[in-house]
Amino acid sequence: MRNLVLALTVLISTTSFAQSINTKSVALEGYDLVGYFTKNQAIQGSDKLSVEVDGIHYYFSSVENQKLFKENPTKYMPECGGFCATAVATSNAKFPVDPETFKVTDGKLYLFYNGPYKGANFNGKDPWVKDEKALIKKANDNWKTLKNS
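Here the sequence shown stands for residues -18 to -1, 1 to 131, where the numbers follow mature numbering (1 follows the signal peptide of the UniProt record, and there is no 0).
Careful: at least some of the hints might be erroneous.
To be verified - Pairs of lysine-lysine residues, derived as BS3-like cross-links and limited to a Cα-Cα distance of at most 25 Å, are as follows:
hint	residue 1	residue 2
1	Lys115	Lys21
2	Lys21	Lys90
3	Lys100	Lys57
4	Lys57	Lys85
5	Lys49	Lys90
6	Lys49	Lys112
7	Lys100	Lys21
8	Lys100	Lys115
9	Lys120	Lys49
10	Lys57	Lys6
11	Lys90	Lys115
12	Lys112	Lys100
13	Lys30	Lys52
14	Lys21	Lys85
15	Lys90	Lys112
16	Lys6	Lys112
To be clear, the hints were calculated from the coordinates, so they are not data collected in a lab.
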């Protein structure tokens, strides 16, 4: 775990932050939030099936998913503000995610970084699943203050 914290700290300090919202205010590169819950899949949404919440556009892959989201947007929002849950838990830092690297646990969506690090691939989901219960608690505690920074 200590090596993970060190690796994430170095990775975070050497990579520019990219929130889960692009320059056109589209969340999660246009992936359908509802699809994570209903199909346990990362499904690309369409700009023709869009919902705006607080200036952010969410895309959906079907009218049904769009409708479900409109009925209860909070239910489908990712934990940790859509940032890498492992980074929030272990480094108290906001770090970008790969929308295709995720886990739904107890009705909550967690997203993770998955990409290059020191010439190899680092998947933030791997350490998460090894100690999920403790990391969820730590992420929730850290997010209380981190979300406003």
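Which numbered hints does this structure break? The structure breaks hints 3, 6, 7, 8, 9, 16; every other hint is satisfied.
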